[in-house]
Amino acid sequence: MMRKDLNLIIRNGHVIDPSQGIDGKGALLVEGGKIKEVFQDSGFGIQADSTYEIIDATGLYVLPGLVDMHVHLREPGYEYKETIKTGTMAAVRGGFTSVCCMPNTKPVNDNETVTEFILRKAYAEGACYVYTIGAITKGQKGEELAEMGMMREAGCVAFSDDGLPVMNSLLMRRALEYSKVFGVTIISHAEDLNLSSGGVMNEGPLSLRLGLRGIPVEAEVIAIKRDIELAALTGGRLHIAHVSTAGGVRAIREAKRDGIEVTAETCPHYFTLTEEAVRDYNTNAKMNPPLRTGRDVEAVKEGLSDGTIDVIATDHAPHHMDEKLCEFDRAAPGISGLETALPLCLGLVEEGVLSMSELVKKMALNPARILGMEKGTLRKDSTADIVLVDPHREFTVDSGEFVSMGKNTPFEGRQLKGGPVVVMCKGRIYNMDTGIHKQL
Amino acid sequence: MSETGQQLRNKDIVGIKDLSCDEIELILNTAVGFRDVLRRDIKKVPTLRGKTVVNLFFEPSTRTRTSFELAAKRLSTDVINFSVSASSMVKGESLIDTAMTIQALGADIVIIRHSSSGVPHLLARHLNASVINAGDGINEHPTQALLDAFTIMEKYSRIKGLKIAIVGDILHSRVAKSNIYCLRTLGAEVRLIGPPTLIPEGLIDPDIEIFHSMEEGLRDIDVVMMLRIQMERQDRGFFPTTDEYFRFWGLTLERLSLARPGAMVMHPGPMNRGIEIVSAVADSPQSVILEQVTNGIAARMAVLYLLSGRRG
Numbered sequence: 001m002m003r004k005d006l007n008l009i010i011r012n013g014h015v016i017d018p019s020q021g022i023d024g025k026g027a028l029l030v031e032g033g034k035i036k037e038v039f040q041d042s043g044f045g046i047q048a049d050s051t052y053e054i055i056d057a058t059g060l061y062v063l064p065g066l067v068d069m070h071v072h073l074r075e076p077g078y079e080y081k082e083t084i085k086t087g088t089m090a091a092v093r094g095g096f097t098s099v100c101c102m103p104n105t106k107p108v109n110d111n112e113t114v115t116e117f118i119l120r121k122a123y124a125e126g127a128c129y130v131y132t133i134g135a136i137t138k139g140q141k142g143e144e145l146a147e148m149g150m151m152r153e154a155g156c157v158a159f160s161d162d163g164l165p166v167m168n169s170l171l172m173r174r175a176l177e178y179s180k181v182f183g184v185t186i187i188s189h190a191e192d193l194n195l196s197s198g199g200v201m202n203e204g205p206l207s208l209r210l211g212l213r214g215i216p217v218e219a220e221v222i223a224i225k226r227d228i229e230l231a232a233l234t235g236g237r238l239h240i241a242h243v244s245t246a247g248g249v250r251a252i253r254e255a256k257r258d259g260i261e262v263t264a265e266t267c268p269h270y271f272t273l274t275e276e277a278v279r280d281y282n283t284n285a286k287m288n289p290p291l292r293t294g295r296d297v298e299a300v301k302e303g304l305s306d307g308t309i310d311v312i313a314t315d316h317a318p319h320h321m322d323e324k325l326c327e328f329d330r331a332a333p334g335i336s337g338l339e340t341a342l343p344l345c346l347g348l349v350e351e352g353v354l355s356m357s358e359l360v361k362k363m364a365l366n367p368a369r370i371l372g373m374e375k376g377t378l379r380k381d382s383t384a385d386i387v388l389v390d391p392h393r394e395f396t397v398d399s400g401e402f403v404s405m406g407k408n409t410p411f412e413g414r415q416l417k418g419g420p421v422v423v424m425c426k427g428r429i430y431n432m433d434t435g436i437h438k439q440l
Numbered sequence: 001m002s003e004t005g006q007q008l009r010n011k012d013i014v015g016i017k018d019l020s021c022d023e024i025e026l027i028l029n030t031a032v033g034f035r036d037v038l039r040r041d042i043k044k045v046p047t048l049r050g051k052t053v054v055n056l057f058f059e060p061s062t063r064t065r066t067s068f069e070l071a072a073k074r075l076s077t078d079v080i081n082f083s084v085s086a087s088s089m090v091k092g093e094s095l096i097d098t099a100m101t102i103q104a105l106g107a108d109i110v111i112i113r114h115s116s117s118g119v120p121h122l123l124a125r126h127l128n129a130s131v132i133n134a135g136d137g138i139n140e141h142p143t144q145a146l147l148d149a150f151t152i153m154e155k156y157s158r159i160k161g162l163k164i165a166i167v168g169d170i171l172h173s174r175v176a177k178s179n180i181y182c183l184r185t186l187g188a189e190v191r192l193i194g195p196p197t198l199i200p201e202g203l204i205d206p207d208i209e210i211f212h213s214m215e216e217g218l219r220d221i222d223v224v225m226m227l228r229i230q231m232e233r234q235d236r237g238f239f240p241t242t243d244e245y246f247r248f249w250g251l252t253l254e255r256l257s258l259a260r261p262g263a264m265v266m267h268p269g270p271m272n273r274g275i276e277i278v279s280a281v282a283d284s285p286q287s288v289i290l291e292q293v294t295n296g297i298a299a300r301m302a303v304l305y306l307l308s309g310r311r312g
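Protein chains in written order, with my numbering: chain A, 1 to 440; chain B, 1 to 312.
Just to be clear, a hint being listed does not mean it is correct.
Stated by the list, open to error - Derived CB-CB ranges, DEER-like:
id, chain 1, residue 1, chain 2, residue 2, range
1, B, Ala104, A, Asn431, 42 to 50 Å
2, B, Ile96, A, Gly413, 20 to 28 Å
3, A, Ile260, B, Pro196, 44 to 52 Å
Claimed, not checked - Sample of chain A residues with no beta-carbon within 12 Å of chain B, all distances over it, derived:
id, residue
4, Lys34
5, Gly77
6, Gly198
7, Arg209
8, Ala232
9, Ser382
10, Pro391
Just so you know, these hints were derived from the structure itself, not from any lab.
The C-beta atom is built at its ideal place from N, Cα and C for all residues, glycine as well.
Sequences are here, hints too, so could you generate the full structure?
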């Protein structure tokens, strides 16, 4: 049920909207599915007739809907892993109201037809807003540029060959140059494929002990440095996906200091888990880039804290159970991340790594800004993408409760704290205590 | 054959690194009794009659499979060889399905070889049957290490304090890994010799010395354990050519003379004569390569026996 006539008042919450510098007691007035006004008081005095729904946000954070700039929705082609419908439901359950899906579908999203298919399907079936990221090269083969301009017109907000990085430096240079016409960002999955070849986990004493082939941190660091140099050469806009290494954070910090236009993201698992999670050949802890060491985890947190890393994305990578219940070497990399991200990120606030306001920036405002999306804000007249978060609610991760089809999580059984209780987007109000599928 | 009350802690043997010193010694002591059985005219005992052992090999192997098969037969078990070629895996059946099928056939012990590290560990978690790792990827080959330790014990009656050099492709060798864990647990002084591309520097036990020169590494060694050089390593650039490998790391009589007089020469087989070892060394009185093969049966009998006993 799509409600264009959504009128409501959210009262007595703690409103945080970095786009307007708001961080304190507040209220929101929503009219016709849009934000009409933000009040910096409890809002008990707001005058409205009985058609207005009233939500009491006492003890809750009222935040702009979260934006995840890095997910895999698997449709078209891999509907047995996830669909646009289930993936967006998982997003909503995690507090995200907008997601950007990577192009590694079947067929690859390397042309406007696939882009249009995804967007049409998402408009009709998606629980939240979906934006597409097109492929840099045709078929993600790293051989020739895809039709970036046409895909941009069809709605793509960025370009990436995520998972199959462009190894040819000349081609990457061309992509960064050409993309400037459209003012779009090139997202780099930074990995030197020759250096990482055959690797399935972080290289170090543990990989040796487990007899698993390692991927040295340098596979990421070298690729990040190359792309930074190419961004400097071309003036193109570069965004580094899922930074996992101390060396990567350092390289980005230096590049920013030098004034190079680069932004970066990391994922909750890179500041929460180390390679130790792989012990016992746990395929749910296999991901790409691989989980690293405690030193890298600390560096990623520092990067988040000092602003080197702009964004936290999930790299939501749902897989079928059979693709994880197999040989470690053959297991598909990635985690189903949308439904555990926010509580893991709230842990950073608890730890003092980030303030709530900085967290909201990294999970809503910054990704929207990097991709030029009018999202991640509670500004007047923006669509009412709002999430109400209870920072105290405790729960145990149970993949059986995921609405994502991907049950692949390394966080199974972990006690987490904090999460969304009400999510608003696309003119709907989702109450997390009621099953999401019942509300579509 | 084992002293009463002594048992292995786990139902499986997936790696030496999970075994305690006591457990390794229990296996080695148990193997002594079986070696004696193998020296009799009638080399078979009824100990495990009625038990079913399955050789589940996902990688081609003749030597290890035959050794396990014979060990199981000497103990009067029923043995089935189940070879799964890589191509039939591609056709569809998953690893877990294959293993569950084997279990449904009534296997008490499943012996697994697979090209991916960790597969025996995965199957051990899913099967009620005991799992024995017969080599997984580049991880471990525990029974090879046990038979090697047994062979060293036969000659020196101890392992503690011996200087043992392992030569060759340490990085990719499951034999080397299991031997390192086993020999270190038993108190040997282990050193590794080979090109830096095949020895992960500083990543193993800090007490293990690494040498890139045979001449330096072999000095005063009691045991030299050679590893098979796999030809595909050359293609992948770990060393330029087998000729060059031989020039620097091949075991010649001249190099062997740097070791302690009468030092023992071992090789898990199959050997590449003229690449990692010359025939004059392989066939010399110092070589125990064929004893290793014979002892392999006794060591594997011990493992089968102890795991069965554990199951009551």
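Quick rundown of the hints versus the structure:
no.	hint	verdict
1	Ala104(B) to Asn431(A): 42 to 50 Å	holds (47 Å)
2	Ile96(B) to Gly413(A): 20 to 28 Å	holds (22 Å)
3	Ile260(A) to Pro196(B): 44 to 52 Å	violated (35 Å)
4	Lys34	holds (51 Å)
5	Gly77	holds (20 Å)
6	Gly198	violated (9 Å)
7	Arg209	violated (7 Å)
8	Ala232	holds (32 Å)
9	Ser382	holds (48 Å)
10	Pro391	holds (37 Å)
Of the numbered hints stated above, those contradicted by the structure are hints 3, 6 and 7, listed in ascending order.
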